[in-house]
Amino acid sequence: MRRYIIDIVSSLAAVIIGFTLGALLLFATSYDPILVYSALFHGAFGTTGAVFDTLTAMIPIIFAGLSAALMFKASLFFIGMEGQLYIGAIVAFLTGYLIPAPPGVHALIALIAGGLGGVLWGLLPGYLRSYHGVNETVLAIMLNWIAIFFSDYIVEYAFIDPQATIARTYKVKSTALIPNISLDIPLNYMFIIAIISCFIIGVLLYKTTLGYEIRCVGLNPIASRIADINVEKTYFKTFIISGFLAGLAGASMVLGVFGSLVYRFSPGYGWDGITAALIAKNNPFMVIPASLLLATLRTGSIGMMLTAGVSNEMVLVIQGIILIAAAVPEAYRIIHRKITFRRYKL
Amino acid sequence: MSELILALIDSTLRLSVPIALTALGELVAERSGIVNIGIEGIMVIGAFISVVGTFVTGNPFIGLLMGIIVGMLLGLLHSVLSVYLYADQIIIGIGVIFFGYGITAVGNTIIWGQPGFSVGVTRVPHLLINIGKTSISISPNLVLTFLLAFTIHYILKNTWIGLRLRAVGENPQAADTLGVNVFRVRILATVFGGAMAGLAGAYLGVDWGGRFVSYMSAGRGFIALASIIVGGWNPLTTLLASLIFGFFDALQMNLAQIYSATMPPQLFQMIPYIATVVIFSLFFKKAKPPSAIAIPYRREV
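Protein chains in written order, with my numbering: chain R, 1 to 346; chain S, 1001 to 1301.
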């Protein structure tokens, strides 16, 4: 329990440091930080529509965040969620556009196909990392770029809709669309599935044998091997589950939000997921609030750009500082020790 | 046909330089036991700062120098956090990459008032060697890259500096017992790695591109990491690996130019990344990384 409190406090401290240093940077470049941050907050929560936009942005971030959390729990530094998200989106689009199926079932099939697309994209690095020890981080980045260029090819060349005003493909069949929860709530069912997934992954990680193995392997692969855990297989299983989640992130955007594959539709949801997982200290339940924070930054950044005139990439700067601050838990421990030491002396 | 080959050689040399410079610097850091995947972020910041410096002063060499300095500062940040605060080196690296992509895009909008790319600036002068109708241009940075590769190889192998560096990366405890300052060696090595990544970024900005473009490094930092692994943590083979990766980047650009009318360009853009995956998967096994890589050294108390 004590550990959880330390984790939460250090993550909160990292977030506060991120926003504070971000404010200083804004101030140094002659912006008014209060104005910028209020524009950001207003952009994310100012109107009912904005609130639902933020909640919708949470969907891919939660899925990517769970995907990253599983990876990092197993001490695998695979950061290819962005690529898996694009491949998941492409496969979901192709299934929704090319294959006819009855309503209801179709959306489900397309969704699962999207998830499997993510799995597919993780198979090669997963196999090479698990069984041959190839560096997964480098492979992840290369596969990200290949996936993005491949989606460019699909969107701008192979399936381009010439009538559309933006660069996008044809719409998927209406049977493949994921409906909104109700007419008054512009939020699709994937939001509920995303929240449920957090609990499923939480149970998987803390209540099942596989989850136990993943955590063991992450802490100490050599000790796990001695304890008769098949380390390679555990790594590979982690890649498969994690890939499925990252694929769902992309599929849910195509089937639930756009209804087609849009040119570079992800402003970096895969990366947001990685940040969310790291802020959540790889705890699946904590991924929910962490995703809310990152979705706020994402949606708010547009309001920030329009109202305060700050480039929307400012949120990347804040994310970067948060991550750097979150990477040094020792600093908080040292501060903690200093404080308790002083109390002891008094 | 020979013109085509010359053009290919020319662009291979140009495109290898940023990968090789970054890889050589990061190799030194990794031999000391520090992994800095933030070199991707340092590159993009180096590119931006160098273009700003050249834009203000009009002298591209000042731009290069500013790239080196900012790279050193970021290397210092990375090393201090990982050496004294035992930070997770991969997470800091990702943080620096986000920060780099973000701050340069924001800065670009502030300075030039347009998102995406800057105005053109003066570029580093090249030496032109004419062969037939075409010519190969030699950048001073290209010469520097080759010189550095051989110098680093010599220093690592034959001097006391190299011996200490390798000792710190292989067995920090033994090195510490023998009186080598593990913390200082690691910090200096990482600062050097940062400087090289900054220089590589500056090369992209004021030598290769002549302007800043958002996300300019485009994963080259990670291709540099791949070169180190493929090259087996040896400076000369790492240089060779960088040249191979540079060749595929050059091939992509030349093919895209030739077939621009008939084939979609996106298919060519994938080539260097696919080539990296293939080469990387085939050649990773030969080398063993330094034993203490990415593990913070703690003195037992």
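One or more hints might be untrue.
What the hints assert, rightly or not - With beta-carbon atoms standing in for the labels, derived distance ranges:
| no. | chain 1 | residue 1 | chain 2 | residue 2 | range |
| --- | --- | --- | --- | --- | --- |
| 1 | R | Thr47 | S | Pro1115 | 21 to 31 angstroms |
| 2 | S | His1126 | R | Tyr157 | 29 to 39 angstroms |
| 3 | R | Arg3 | S | Val1080 | 37 to 47 angstroms |
| 4 | R | Ile226 | S | Ser1137 | 34 to 44 angstroms |
By construction, these hints were calculated from the structure, which means they are not laboratory data.
Glycine included, C-beta positions come from ideal geometry on N, C-alpha and C.
Verification of the supplied hints:
no., hint, verdict
1, Thr47(R) x Pro1115(S): 21 to 31 angstroms, "25 angstroms, holds"
2, His1126(S) x Tyr157(R): 29 to 39 angstroms, "36 angstroms, holds"
3, Arg3(R) x Val1080(S): 37 to 47 angstroms, "26 angstroms, violated"
4, Ile226(R) x Ser1137(S): 34 to 44 angstroms, "58 angstroms, violated"
Of the hints listed earlier, those the structure fails to meet are numbers 3 and 4, in rising order.
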